[in-house]
Amino acid sequence: MNKKLKPINGKAKNIKLMSIDTEDDSKGNVILIGIYDGSSYYSFENQENAIEFLLSLNPKSNTYIWATNLMYDLVNIFYGYFYLLEIIFNGSNVVCAKLKGTNIYFCDTLNHSKISVKEMGEIIGLKKLEFNPDSKSYNKRDCEITYNFMKVLDNYYNKLNTSCKFTIASTALDLFRRNYLSINISKPKDEIIELLKKSYYGGRCEIFNMNKIKGEIYYYDINSLYPYIMLNNLFPNPNHFELYYGDENFSLDNFGVCACEITTTENYLPVLPYKSDSGKLIFPIGTFSGVWALPEIKKAVEKGYKINHIFFHIKYKYADYYFKQYVNDLYSKRLETDDKYMNMVCKILLNSLYGKFAQGNESYKLVPLSECDGNELYCIDNMVFKKIIRDYPVHSNFIWSIYTTSLARLHLFSYLEEVYKKGYKLLYCDTDSIIYEGKKLFDESNNLGGVKIEGKFSEGMFLLPKMYYLKSKKYEVYTAKGIPKYLSKDFIEFGKVEFEKPIKLREGLRRNIKPNLWVKHLKQNKGIYDKREIIEDGSTFPLTVF
Numbered sequence: 015m016n017k018k019l020k021p022i023n024g025k026a027k028n029i030k031l032m033s034i035d036t037e038d039d040s041k042g043n044v045i046l047i048g049i050y051d052g053s054s055y056y057s058f059e060n061q062e063n064a065i066e067f068l069l070s071l072n073p074k075s076n077t078y079i080w081a082t083n084l085m086y087d088l089v090n091i092f093y094g095y096f097y098l099l100e101i102i103f104n105g106s107n108v109v110c111a112k113l114k115g116t117n118i119y120f121c122d123t124l125n126h127s128k129i130s131v132k133e134m135g136e137i138i139g140l141k142k143l144e145f146n147p148d149s150k151s152y153n154k155r156d157c158e159i160t161y162n163f164m165k166v167l168d169n170y171y172n173k174l175n176t177s178c179k180f181t182i183a184s185t186a187l188d189l190f191r192r193n194y195l196s197i198n199i200s201k202p203k204d205e206i207i208e209l210l211k212k213s214y215y216g217g218r219c220e221i222f223n224m225n226k227i228k229g230e231i232y233y234y235d236i237n238s239l240y241p242y243i244m245l246n247n248l249f250p251n252p253n254h255f256e257l258y259y260g261d262e263n264f265s266l267d268n269f270g271v272c273a274c275e276i277t278t279t280e281n282y283l284p285v286l287p288y289k290s291d292s293g294k295l296i297f298p299i300g301t302f303s304g305v306w307a308l309p310e311i312k313k314a315v316e317k318g319y320k321i322n323h324i325f326f327h328i329k330y331k332y333a334d335y336y337f338k339q340y341v342n343d344l345y346s347k348r349l350e351t352d353d354k355y356m357n358m359v360c361k362i363l364l365n366s367l368y369g370k371f372a373q374g375n376e377s378y379k380l381v382p383l384s385e386c387d388g389n390e391l392y393c394i395d396n397m398v399f400k401k402i403i404r405d406y407p408v409h410s411n412f413i414w415s416i417y418t419t420s421l422a423r424l425h426l427f428s429y430l431e432e433v434y435k436k437g438y439k440l441l442y443c444d445t446d447s448i449i450y451e452g453k454k455l456f457d458e459s460n461n462l463g464g465v466k467i468e469g470k471f472s473e474g475m476f477l478l479p480k481m482y483y484l485k486s487k488k489y490e491v492y493t494a495k496g497i498p499k500y501l502s503k504d505f506i507e508f509g510k511v512e513f514e515k516p517i518k519l520r521e522g523l524r525r526n527i528k529p530n531l532w533v534k535h536l537k538q539n540k541g542i543y544d545k546r547e548i549i550e551d552g553s554t555f556p557l558t559v560f
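In terms of my numbering, the sequence shown is residues 15 to 560.
Just to be clear, a hint being listed does not mean it is correct.
As a list, the in silico DSSO-like pairs of lysine-lysine whose alpha-carbon atoms are at most 30 Å apart [claimed, not checked]:
1. K499 with K470
2. K379 with K528
3. K466 with K338
4. K289 with K320
Because the hints were derived from the structure by calculation, they are not lab data.
Given only the sequences and the hints, what does the whole structure look like? Please build it.
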């Protein structure tokens with residue numbers, strides 16, 4: 015049966031929500047569990063009493079209990095009692111947990127907004143109290159902040175006629191289906207999806223110069239890159255396509271994807287992405303094969319690439335501006351409103367829709383050991399992580415996500431190329447940002463797809479993707495992915511730092527250590543930049559692939 019993504023009729027409804035937060039002694043022992051329902055605060059000093067309370071809630075009432083960093087709180091509440099839950103993971107992230115036999119769900123605020131409880135409190139005007147894990151007042155305030163922040167999101171989602179889901183991406187999809195999707199969209203067969211998936215790549219992140227640079231350094235950000243692409247481009251109609259082997263009916267002006275062997279020109283800024291043997295996304299030169307969206311292949315041919323052989327291509331018959339009104343409405347509301355909450359909600363919804371159309375079919379569940387069938391990872395308390403392979407979701411047509419990211423890379427490429435042609439020194443790029451040494455080149459704009467200056471600096475150095483520093487007379491920026499912000503400078507300057515962090519559930523299973531135990535962690539920079547070839551003068555050049 016051919017499943018379809020269909021419009022949703024009817025008015026969205028608010029959800030029934032609560033919040034939960036836990037305190038512990040950093041040794042894996044819970045001190046306090048707090049639950050807040052918007053009017054009453056309940057506190058418990060042990061797991062059993064908290065679980066008893068949760069089991070006393072109306073099991074038939076759809077109730078969404080929100081926490082920030084949900085897995086940490088679930089461990090504190092349910093460690094030893096995981097058999098009471100159904101937990102769904104996307105990679106290492108918890109999508110949601112369900113109390114078995116009920117309609118009570120545990121959800122993570124981080125799946126809607128990647129901000130801390132303190133930051134949520136600043137937004138809604140509730141100040142986080144000074145840290146005191148033994149204090150009920152401290153715990154209650156965290157519960158109040160979490161509850162009220164999610165209440166704000168839920169109310170503003172409702173004003174836009176969408177329902178608050180487990181994740182912001184699912185919420186954005188609900189908004190799209192309720193208000194903007196006018197036709198049924200068929201899901202491709204699995205064999206087509208497997209072909210399409212090969213042309214789905216992420217953002218471009220490269221270092222063009224490894225030296226310490228002194229001069230006029232400009233850091234530009236592209237405004238709302240993905241919404242800009244969705245607003246201004248035609249997207250293939252997923253309902254009407256043909257798969258061809260060879261070059262029959264092939265044209266660079268088609269809508270679709272193509273698997274081919276290509277030979278590049280020897281150039282500083284290649285166009286086409288390629289997955290290296292280590293799984294990293296690179297932009298090489300040479301002769302190699304891959305699957306790409308046709309807009310990128312067309313641009314590559316314009317830049318001198320040669321198509322040697324076509325293995326297959328998928329041609330879509332029609333295309334339309336499926337996301338134009340979605341982006342226009344949300345962006346207009348951002349421009350027109352003085353309401354900080356509406357502005358925030360529209361911003362996160364604008365950036366969260368495109369990836370939903372490439373959702374995979376694999377997830378993990380924490381299940382009883384008795385359900386083992388050979389696809390398990392680790393074991394704890396007679397529970398195992400089980401890999402679940404389902405049908406692809408009905409919304410996974412893939413081509414819409416493929417086109418969004420492909421056209422976004424081309425938009426970034428246009429800015430990189432302009433800097434290079436001007437003779438300025440490219441230093442770094444990352445998905446929607448460009449850093450170079452030279453003179454001011456681009457006029458700033460608040461429009462979608464335009465650029466704004468994030469900073470002007472006099473010194474900078476790039477060590478690895480997402481690891482660099484920039485300095486000016488007024489301030490400095492140190493960035494090191496995976497390192498606490500306050501330690502980024504030490505990590506870049508000394509190559510290592512030590513800090514405490516909790517043992518996560520999977521790490522605890524792997525190392526046979528109790529989760530949520532805070533331990534010292536030594537992080538050393540052993541990375542080697544291998545996405546471009548480093549030349550003797552410190553500049554970089556594309557890798558050659560044969």
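Hints, verified against the model:
Annotation: proposed proximity of K499 to K470 holds, straight-line Cα distance about 21 Å (limit 30 Å). With a C-alpha separation of about 19 Å, the suggested pair K379 and K528 falls inside the 30 Å cut-off, and the hint holds. Pair hint K466 plus K338 holds up; C-alpha atoms about 23 Å apart against a cutoff of 30 Å. Between K289 and K320, the direct Cα distance comes to roughly 19 Å. Compliance with the 30 Å bound is thereby established for this hinted pair.
Violated hints for the displayed structure: none, as all numbered hints are satisfied.
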